[in-house]
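S.K.: Here is how the chains run, residue by residue.
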Amino acid sequence: MAFSRRNFLKYAAMSAGGAVLADTPFISAEARAKAEGGNVKYVPTSCEMCFWKCGAVAKVVDGKVVKLEGNPFHPQSRGKLCARGQAGIGQLYDEDRLKHPMILDGPRGEGKYRKASWDEALTLVAEKMKAIAEKHGPEAIAMMSHGSPGDYFTNVLKAMGSRNIAFPSFAQCKGIRDVAWELTFGHKPGSSCERVDMENSRVIVLLGTHLGENMHNSQNQEFAEAVSRGAKIICVDPRYSTAASKSAFWLPIKPGTDTALLLAWINIVISEELYDKEYVEKYTVGFDEVKEAVAEYTPEWAAQETELPMRQIVEAVRELCRYAPNVVVHPGRHYSWYGNDTQRARAVAILNALLGTWGRKGGMWLPAKAKFASFNDGNPAYPEASKPPVIKGNFPFAGGEGVTQALRDTTINGKPYPIKAWLVAGTNLMKSLPDQRLTREAIDGLDFFVAIDLFPTETVMLADVILPECTYLERHDGLFKIKTREAGVAIRQPAVEPMYETKPAWWIGSELCKKLGLKEYAVKGDGMDAWEDRMRRQAEAWGVDFEQLSKHTGYVTIPDSEKPYITEDNPPVFGTFSEKIELYSEELEGEGFDPVPQYEPVEQPPKNMFRLIYGRSPVHTFSRTINTQWLWELHKENEVWLNKKEAERLGIKNGQYVVLENQDGIRCNRIKVKATERIRQDCVYMVHGFGHNAPRLSRANKSGADDQQLISKYIEDPITGGTGMRVNFVKIIKEA
Amino acid sequence: MPRYAMVIDQSRCIGCMACVVACKRENDVPPENYRTRVLEIVQGTYPTLTTEMRSELCNHCDNAPCVSICPTGASHHEEDGTVQIDRKKCVGCKACITSCPYNVRYINEEHGYADKCSFCQHRLREGKKPACVATCVGGSRIFGDLDDPESEVSKILRRVGHRVLKKEVGTGPNIYYINQYPKRA
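Keeping their order, the protein sequence lines are chains A and B.
Going by my numbering, the first residue of the first sequence is number 1101, and it counts up by one from there.
Going by my numbering, the first residue of the second sequence is number -17, and it counts up by one from there.
It should be emphasised that the hints constitute simulated quantities derived from the structure, not laboratory data.
Quick caveat: nothing in here was measured; it's all calculated off a predicted structure.
One or more of the hints may lead you astray.
[Unchecked claim] Think about it this way: if two alpha-carbon atoms lie no more than 20 Å apart in a straight line, the pair counts; the simulated PhoX-like pairs of lysine-lysine are:
1) A:Lys1134 x B:Lys76
2) A:Lys1745 x A:Lys1354
3) A:Lys1744 x A:Lys1288
4) A:Lys1813 x A:Lys1834
5) A:Lys1164 x A:Lys1212
6) A:Lys1167 x B:Lys110
7) A:Lys1141 x B:Lys71
8) A:Lys1707 x A:Lys1680
9) A:Lys1744 x A:Lys1774
10) A:Lys1141 x A:Lys1159
11) A:Lys1159 x B:Lys70
12) A:Lys1487 x A:Lys1469
[Stated by the list, open to error] Covered by chain B, according to a simulated footprint, are these stretches of chain A (three or more residues, beta-carbon under 8 Å):
13) 1328 to 1342
14) 1482 to 1488
15) 1762 to 1775
C-beta: ideal position from N, C-alpha, C; glycine also.
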């Protein structure tokens, strides 16, 4: 085994805190438990309170999880967990969990269910799915998912012959950005985590990325480190976020005009010859075309468009260039803002390229060099898709994760063929997709709807059959390939046995395969150990020590995989057609889109209305954690941020409850006003995920207001299908 | 004997509340009670604003009013300089709560005694740092022994300007606030 040199150094650094307070060195979960004696057990595993997959260590006493700590070896957690990670125990022991399979006993939506055995529920699901596949074809069964359970049900659908599988993480989040960076660099900018070398950055530009509130563990550790080292933060955000409060430059931009700022910056970088000439020459194509295309985007023009002082625009970018290439314009994450978002992401990618940040210290590190042997445990290849899937809609660059609303549209209109059943696992579609009216219409028209989840959310409670998954602390998943600067492998394994009659998603998927007559796609073996046995075989195929992972460190490094910067013997590899960074995209041109981003103004709110923008709370993951005890206690309801002057003008006091009504006349639950200097006068802001309409979530139900309810309008990005969701306007109704 | 103190680098705090939840779990703090909190204090007018991220907890004062006012001796100093509560001696009279200028104590309603941050005394005995420090995502909370000149806290306080809360009330707090450490750029 053992530890890589890197891990050893981490350990050495941790215990260097002084003799008196040398923290108990965490060398091995098993060794630590032995040292403490008694009924203590430490279980290394992976968190799923969000999707950053931090390494966690569960302390279990007498069969109960009593504490969760960050795994010091895991590069995503580095010994620490965020508030949500710490509160995972609250999810595990939440009384409101789904406890046993349930079958709808009345009209859909009324929430009347009867308890069922697993055998009865799974038999019913398999019969319904078979009947629909026979009548309409397997493509009539669609799936939407988020998080670990998706893998197991993707397997079921593919085995049946359907490829109608989509994840909201694409069109409602980061897919747009990924496509733009693939078009430019031939690589995504990394998922969890983004490949930003913030630890070493001299200047960091954040466009709407509110680190601190957007709580991704290791990324925030690096951000704090950068701030402490004196790195300059340039924060572009209509709201004075936590990140803005750490910044040297806060640019309170007019919402929807970020691309204007970026194009003017590109113009300044080129016209003042501040770009990395050697790098641009060596690694890029299309420089002259970009130069020509951005010439019209002057700082004067951008100042007018963005409502930022011209001096601030110019000074910020000069500061950025002064320290290039040890700087980064953060690629961002949630990107579905205005419906022209691919081009904004392209502008960010181009700016990074001109500054030469890709493969440079403090910029974007290069992907870890590691090859994992392919492993599918001897399962047969999937049958061909019965019919071409509809998950790409009419979007030429929609990615493999699929466009959720394209599935929804086909479900409603039956074109080009009917979709009659949904299998939804781990995602609350009513809160993740824009325009809840359409989501509800699609569900109401289904012949069959099965939900697999932890909690009785508003979406789950519309299903015909509900299958209760156990939490991440009660199940195996993975093994996970972890790609940070180095490559590694992490494990998720149960700290305790599943509570109630809940089951791991792998088991549910596998049993479903058997009931569908697709046993060859099921997990080999019958018992509850079957998946763990499969993980052992996978570890062997990958050349990883399973005992080390499961009993000791929970994470192992792939040796020599870390080569973050460009050197003579580590040249960058760009996966584009030209094998260079494509500043000018012939691929986009070929489909009729602007090969260099051009500015398109977005619609502005009418008089007396505000643009609705939304974001995150550091203690919540979307709508998933609102009901979790300690997190709910800390942040029970969201507030609507309203500029203080606007509040005074409207005669609204700080802390007063109001109702918001959007352009379609839709009203949300009452919500408290935060009258603040921290936001522009033309927009209001609220944290996403609150305002559940789910009576069985005893704490979260009706707590705060639901931004997604007010997002009844969305504009699709024509390149990727991303749903621009910051295009809704609200007025404030005082009598709540 | 050590003399424990905490240094809080406010520039590193990102307001993520990991410390708050870690503390709640580690110490079984009852619902709606907290032993530590993080305040985000914003001043100025749009668009010229400043923020102070301020983590607050028991200051383990050298000259602790809660100790001098406690009628039963429940609130007391230990040899390591920390202020602790002997739960058996506490009668829940709330004198300490009213005397504390930092508003960091509460009554455990189920058991009737006063409670507050102990610097995770039980963890210190095992050689571990307090739970809030161990999980501090921004690396804002730094803990150690002021009697050890080589400890991180001693070194920081020698090098970097610092302040305490409500110095004027003369309680001799042991929570020190700094901004930007280490400042290397």
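S.K.: Does the structure keep lysine 1487 of chain A and lysine 1469 of chain A at a Cα separation of 20 Å or less?
M.R.: Distance of about 37 Å is beyond 20 Å: violated.
S.K.: Compare the distance between the alpha carbons of lysine 1745 of chain A and lysine 1354 of chain A with 20 Å, and conclude whether the hinted pair is satisfied.
M.R.: holds (17 Å)
S.K.: Are there three or more residues in the region 1328 to 1342 of chain A whose C-beta lies within less than 8 Å of some C-beta in chain B?
M.R.: Since 6 is at least three, the answer is holds.
S.K.: Within a Cα-Cα threshold of 20 Å, do lysine 1164 of chain A and lysine 1212 of chain A meet the stated pairing?
M.R.: Not OK: lysine 1164 of chain A and lysine 1212 of chain A at ~32 Å, beyond 20 Å, violated.
S.K.: With a cut-off of 8 Å between beta carbons, are at least three residues of the region 1482 to 1488 of chain A near chain B?
M.R.: Three-residue rule not met by the region 1482 to 1488 of chain A, so violated; n is 0.
S.K.: If you draw a straight line from the CA of lysine 1744 of chain A to the CA of lysine 1774 of chain A, is it 20 Å or shorter?
M.R.: With a Cα-Cα distance of about 8 Å, the restraint between lysine 1744 of chain A and lysine 1774 of chain A holds, given a limit of 20 Å.
S.K.: Can the restraint linking lysine 1707 of chain A and lysine 1680 of chain A be considered satisfied, given a maximum Cα separation of 20 Å?
M.R.: violated (47 Å)
S.K.: Next pair to validate is lysine 1141 of chain A with lysine 71 of chain B; report whether the Cα-Cα distance is within 20 Å.
M.R.: violated (34 Å)
S.K.: Tell me if the straight-line CA distance from lysine 1167 of chain A to lysine 110 of chain B falls inside 20 Å.
M.R.: holds (14 Å)
S.K.: Take the C-alpha atoms of lysine 1159 of chain A and lysine 70 of chain B, compute the straight-line distance between them, and say whether it is at most 20 Å.
M.R.: violated (28 Å)
S.K.: Given the hinted pair lysine 1134 of chain A and lysine 76 of chain B, is their Cα-Cα distance within 20 Å?
M.R.: violated (42 Å)
S.K.: So if I understand the rule, the pair passes when the alpha-carbon distance is 20 Å or less; does lysine 1813 of chain A with lysine 1834 of chain A pass?
M.R.: violated (23 Å)
Violation of the numbered hints given earlier is confined to hints 1, 3, 4, 5, 7, 8, 11, 12, 14 and 15; the remaining hints are satisfied by the structure.
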